[in-house]
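Asks: Below are the chains, spelled out letter by letter.
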Amino acid sequence: MSSLPQASSFAGQVDYLFDAMLALSAVVVIGVFAAILWFAVKYRHGSRADRSRSSRRTLGIELAWTLIPLFLFVGIFAWSISLFAYMSRPPIETVPVYVVAKQWMWKVQHPGGQREINTLHLALGQPTRLVMTSQDVIHSFYVPAFRVKQDVLPGRYTQLWFNATRAGTYNLFCAEFCGTDHARMGGLVIVMQPKDYANWLEAHAGTDLAAQGAALFRRLGCSGCHDPQSGVHAPDLYDLYGSTVPLSDGTQVRADERYLHDSIMLPNKEIAAGYAPVMPSYQGRIGEDDVLALIAYLKSRHAAGSP
Amino acid sequence: MSTTPTAVQFDDAVQQREAATLGMWTFISTEILFFGVLFAAYTLCRTRFPEAFAEGSRHTDVLLGTAETAVLLISSCLVAVAVREVQLGGQRIATWLIAATAALGVCFLTMHGFEYVSEYHEGLVPAIRYTQSGPSAGQMEIFFCLYYFITGFHGLHVTIGVIVLLVMARRTHRGDFDQDYHTPLEMSALYWHLVDIVWIFVFPLIYLIGRSG
Amino acid sequence: MSVNVADSPFPTEQGTDEPNPESYLDAGYGLRSWLTTHDHKRIAILYALAITFFFFAGGLAAALMRLELISPNGSLMSAEAYNKTFTFHGVVMVWFFLIPSIPATLGNFLLPLMIGARDVAFPRLNLFSWYLYITGGLFTIACLLFGGVDTGWTFYTPFSTMFSNSNVMLTVVGVFIVGFSSILTGLNFIVTIHAMRAHGMTWFRLPLFVWSMYGVSLVMVLATPVLAMTLALIGLERLLGVGIFDPALGGDPLLFQHFFWFYSHPAVYIMILPAMGVASELITAAVRRRIFGYSFMVYSILGIAVIGFLVWGHHMFVSGQSMYASIVFSILSFIVAVPSAIKVFNWTATLYKGDITFGAPMLYALGFVGLFMLGGLTGLFLAATALDVNLTDTYFVVAHFHYIMVGGSVMAYLGGIHFWWPKITGRLYSEAWARFAAIVMFFGFNLTFFPQYLLGYEGMPRRYHVYPPQFQVLNVLSSAGATILAVSYLLPLAYLLWSLRYGPRAGANPWRAKGLEWQTSSPPPVHNFDQTPTVTEGPYLYDESP
Chain A
1 MSSLPQASSF AGQVDYLFDA MLALSAVVVI GVFAAILWFA VKYRHGSRAD RSRSSRRTLG
61 IELAWTLIPL FLFVGIFAWS ISLFAYMSRP PIETVPVYVV AKQWMWKVQH PGGQREINTL
121 HLALGQPTRL VMTSQDVIHS FYVPAFRVKQ DVLPGRYTQL WFNATRAGTY NLFCAEFCGT
181 DHARMGGLVI VMQPKDYANW LEAHAGTDLA AQGAALFRRL GCSGCHDPQS GVHAPDLYDL
241 YGSTVPLSDG TQVRADERYL HDSIMLPNKE IAAGYAPVMP SYQGRIGEDD VLALIAYLKS
301 RHAAGSP
Chain B
1 MSTTPTAVQF DDAVQQREAA TLGMWTFIST EILFFGVLFA AYTLCRTRFP EAFAEGSRHT
61 DVLLGTAETA VLLISSCLVA VAVREVQLGG QRIATWLIAA TAALGVCFLT MHGFEYVSEY
121 HEGLVPAIRY TQSGPSAGQM EIFFCLYYFI TGFHGLHVTI GVIVLLVMAR RTHRGDFDQD
181 YHTPLEMSAL YWHLVDIVWI FVFPLIYLIG RSG
Chain C
1 MSVNVADSPF PTEQGTDEPN PESYLDAGYG LRSWLTTHDH KRIAILYALA ITFFFFAGGL
61 AAALMRLELI SPNGSLMSAE AYNKTFTFHG VVMVWFFLIP SIPATLGNFL LPLMIGARDV
121 AFPRLNLFSW YLYITGGLFT IACLLFGGVD TGWTFYTPFS TMFSNSNVML TVVGVFIVGF
181 SSILTGLNFI VTIHAMRAHG MTWFRLPLFV WSMYGVSLVM VLATPVLAMT LALIGLERLL
241 GVGIFDPALG GDPLLFQHFF WFYSHPAVYI MILPAMGVAS ELITAAVRRR IFGYSFMVYS
301 ILGIAVIGFL VWGHHMFVSG QSMYASIVFS ILSFIVAVPS AIKVFNWTAT LYKGDITFGA
361 PMLYALGFVG LFMLGGLTGL FLAATALDVN LTDTYFVVAH FHYIMVGGSV MAYLGGIHFW
421 WPKITGRLYS EAWARFAAIV MFFGFNLTFF PQYLLGYEGM PRRYHVYPPQ FQVLNVLSSA
481 GATILAVSYL LPLAYLLWSL RYGPRAGANP WRAKGLEWQT SSPPPVHNFD QTPTVTEGPY
541 LYDESP
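Residue numbers (the numbering used here), protein chains in the order written: chain A, 1 to 307; chain B, 1 to 213; chain C, 1 to 546.
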């Protein structure tokens with residue numbers, strides 16, 4: 001019905017639900033409007049319609065139009081939730097593409113080190129998972145053709161996934177008011193055939209993200225404390241990602257992207273058990289995209305054979 | 001016999017009293033919501049920053065805080081007895097009791113003023129004089145912001161209560177109230193009890209929890 | 001402009017040409033008598049003047065926005081100016097027009113009359129509420145004069161606390177103050193309805209307008225304090241730079257959204273419940289039948305008021321809140337639609353076997369029912385999380401809430417103003433002009449806002465002053481509609497003011513309507529009734545009398 005293409009595996013299902021609700025609403029609207037119109041004409045002042053009062057009980061009718069809508073609503077709710085649950089569960093085995101939003105642009109980093117600004121190149125037919133954060137205020141990553149939207153928050157990682165099913169170029173909008181140039185914070189999502197995508201990746205290959213992180217790790221002096229041979233008692237970061245870390249207050253936390261991010265930017269928030277809170281914060285010294293590179297590097301520091 | 005006539009919008013004194021009571025209780029429910037949001041924000045922040053908030057609690061003066069709690073509890077008792085006195089037809093004792101309640105309120109404010117002064121000297125006032133350092137200094141700043149906001153907001157209510165009670169003391173002295181009509185006094189006492197109850201929550205939340213941890 | 005009384009669809013009681021010598025309007029003519037009044041009727045008029053000013057101020061902002069959106073490249077204003085304009089539009093329309101509109105004007109005027117009381121429970125508090133409103137309004141105007149604020153009426157953090165360079169504090173203080181006006185009005189109404197009903201006016205004999213005032217007062221009293229404290233926390237954070245909402249310091253921006261929407265969702269029910277009450281009064285009077293299903297209508301009002309507190313998270317489906325929270329808020333949002341549906345069906349059924357005349361109030365009421373239904377149905381689309389992911393933060397949402405707030409609340413407000421105009425002013429307005437304005441408004445409204453559903457569906461985000469060219473046609477249609485809508489709002493201003501001087505005088509009950517307010521003169525005397533009535537029957541008993 002609309003000119004929006006159905007470019008993701010979600011789009012068709014979302015549109016189907018929308019059209020069903022539209023049809024249902026149309027039935028209700030036409031029904032009520034017709035009733036109003038008919039009563040307005042038939043019972044207008046001066047007409048000779050029968051206005052004798054009947055003493056029929058009305059509870060049956062009232063219960064009917066209370067319960068029938070309720071059941072219909074519950075049915076629509078169930079349908080919507082099953083689709084929503086599917087849309088909300090990203091396939092975590094997919095290697096993510098990182099997105100950093102800042103006033104007023106989108107910075108995209110592919111795992112192979114390819115960087116883009118305000119564009120996102122994707123392969124057709126492969127699930128894509130975006131891990132996103134903001135450098136400053138809340139933004140929102142919105143691709144109407146895919147029927148997806150996810151707010152992008154500072155200090156947190158949010159995820160979005162989709163499977164692009166139609167090659168082409170589609171609009172990307174920022175959908176959460178973020179300041180002066182909110183309306184200009186747009187871009188393009190370019191879906192290519194897998195072969196063309198592979199060529200694009202190769203042509204734009206930069207340093208692998210994990211390798212960038214390794215360089216940062218040395219340049220920023222992290223290895224000065226976190227190297228086993230340094231004189232400072234600091235946690236060894238080998239095999240850290242995905243493990244369970246005991247904290248100094250007795251609790252435990254899983255070392256996911258959020259934990260690694262906060263350990264670098266807010267090191268005093270969660271102190272690992274047995275260590276003194278001496279690590280300096282890198283807040284304001286490095287950007288969110290550098291943090292993502294460091295995280296990619298830390299993810300790569302694991303024993304061969306373990307995931 | 002009381003000389004205060006029924007206000008013109010009411011049919012009779014009974015309706016006026018009913019209206020005043022319901023009005024005060026409705027007002028109290030809005031106050032509970034005001035403080036409720038602040039307590040919710042405080043509790044959520046406490047869960048996020050448990051160690052910093054515990055350290056903040058340790059910086060509060062528990063001796064003065066306990067004394068303030070005792071002062072308010074006693075003052076609530078006094079004003080309740082005052083209302084009872086008026087209900088039984090008394091006037092002189094009631095006047096003194098109400099004045100004493102107001103005096104205790106002033107006592108509370110003074111003690112809390114001392115707390116603020118010493119916290120200023122210790123460098124615990126964010127944006128004005130905050131000299132804390134250390135890993136949890138930033139989060140403790142949030143504790144102190146909430147501490148000043150909550151206790152300051154409460155202190156504002158205490159001040160209003162003191163003024164209202166002084167007016168009530170004067171009116172009782174003048175003979176405005178009797179056994180049949182003393183609604184303004186009752187409502188003022190109710191307000192004072194609210195002020196007291198809010199403090200009963202503030203004191204353990206801010207001064208006590210995590211202190212000994 | 002000549003007014004032919006015979007144009008009126010009802011046989012009117014033609015009053016004499018002399019004004020009622022004891023009406024409340026004659027109890028003092030100077031400015032001081034108005035600014036120090038305790039009379040709920042005068043306070044209602046003070047509010048009416050103030051909110052009319054703010055309505056046109058907010059409307060001017062909307063006109064500028066629609067003008068800018070005619071072209072995709074936005075050449076009328078800078079991005080910053082546009083952001084400040086839509087913020088001003090939202091702040092003014094929500095807090096200085098919609099929330100006070102029906103309760104503070106029609107509610108203040110009619111509530112004591114409808115229950116047979118001489119005034120509200122606390123008249124001086126009532127006047128104080130008005131002064132609070134004016135003070136809050138002055139802060140908002142000051143903010144505009146100092147360069148405006150650009151955060152959107154929703155003040156999301158950390159933009160509003162850490163990044164905006166505009167006058168956030170002034171607006172926050174202004175809204176904080178006007179919130180107290182709301183709370184005190186609600187408190188006054190709750191006590192009035194509980195304690196001051198006339199003899200025989202039991203709860204289930206109350207007109208539905210009174211029930212809607214009760215419901216809205218409960219929400220105002222319980223929700224607004226949360227807004228006040230949330231704004232205070234923003235102010236604190238902006239002034240002192242602490243980290244309650246700022247993630248860079250360990251805080252949580254979602255906490256702000258939860259606090260904000262916990263108030264702001266019930267706020268939209270503050271905006272619609274009174275309109276529903278007005279619609280019930282207007283329809284029963286025009287149809288000359290009792291309302292269909294009175295009990296269900298009462299329980300629906302209370303149900304909307306209560307369940308409305310439980311659905312705030314549907315504004316946050318894509319915010320990063322947990323999937324399980326979204327699921328809970330979704331089902332509750334569907335449930336809260338049921339009582340609204342009941343009301344629409346009951347209004348329609350009230351027409352059955354009625355004796356219907358189509359004066360201006362009835363046209364506004366029917367317009368309300370139709371547009372509210374369209375807006376409400378689109379709310380269901382948004383309650384469905386899978387659809388909301390796509391539609392939230394687009395023009396679909398903008399269309400949804402304008403259908404309910406403008407097509408719904410504003411039309412009901414205007415219908416009420418027309419219906420009770422003779423009672424309030426003692427004059428009759430021109431039926432011909434009023435019907436014309438109502439019809440033009442209905443068409444102008446649909447032309448303005450229906451294209452916005454399509455825009456949202458096609459993917460145009462909200463709060464954009466520039467947009468891709470494929471959205472231009474729908475934007476131009478919407479702006480054209482806005483021009484027509486603007487004219488239709490100016491028309492009532494003209495003919496209603498005209499009627500104050502030249503309209504024929506109204507008798508006590510020109511519509512031959514039921515309700516205690518019609519049993520006293522038009523305009524009423526200062527203390528409303530010469531003798532407090534005793535009530536022996538329920539509302540809307542048109543069928544019973546000959």
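The reader is advised that the hints may include incorrect statements.
What the hints assert, rightly or not - Cβ-Cβ distance ranges computed for the label pairs, FRET-style:
#: 1; chain 1: A; residue 1: Leu72; chain 2: C; residue 2: Gln472; range: 21 to 29 Å
#: 2; chain 1: B; residue 1: Thr43; chain 2: C; residue 2: Met323; range: 19 to 27 Å
#: 3; chain 1: C; residue 1: Gly147; chain 2: B; residue 2: Gly210; range: 38 to 46 Å
#: 4; chain 1: B; residue 1: Ala127; chain 2: C; residue 2: Leu490; range: 47 to 55 Å
#: 5; chain 1: A; residue 1: Ile117; chain 2: C; residue 2: Met323; range: 54 to 62 Å
#: 6; chain 1: B; residue 1: Ser212; chain 2: A; residue 2: Gln135; range: 50 to 58 Å
I should point out that these hints are in silico values taken from the structure, not numbers from a laboratory.
Quantities reported herein were computed from a predicted structural model and do not represent experimental measurements.
Positions of the beta carbon are idealized from the N, C-alpha and C atoms, including for glycine.
Asks: Can you tell me whether the CB distance of threonine 43 of chain B to methionine 323 of chain C sits inside 19 to 27 Å?
Replies: Because 24 Å falls inside the window, the suggested range holds.
Asks: Against the range 38 to 46 Å, how does the distance between the Cβ atoms of glycine 147 of chain C and glycine 210 of chain B compare: consistent or not?
Replies: For glycine 147 of chain C and glycine 210 of chain B the Cβ distance comes to about 44 Å; the hint holds.
Asks: Given the hint of 50 to 58 Å, check if serine 212 of chain B and glutamine 135 of chain A actually sit that far apart at their C-beta atoms.
Replies: 41 Å, violated
Asks: Taking 21 to 29 Å as the stated bounds, is the beta-carbon spacing between leucine 72 of chain A and glutamine 472 of chain C within them?
Replies: Violated: the Cβ-Cβ distance is about 37 Å, outside 21 to 29 Å.
Asks: For the hint 47 to 55 Å, verify it against the beta carbon of alanine 127 of chain B and that of leucine 490 of chain C.
Replies: 49 Å, holds
Asks: Starting from the hint 54 to 62 Å, judge whether the C-beta atoms of isoleucine 117 of chain A and methionine 323 of chain C obey it.
Replies: 31 Å, violated
In this structure, the earlier hints numbered 1, 5, 6 are contradicted, and the remaining ones agree with it.
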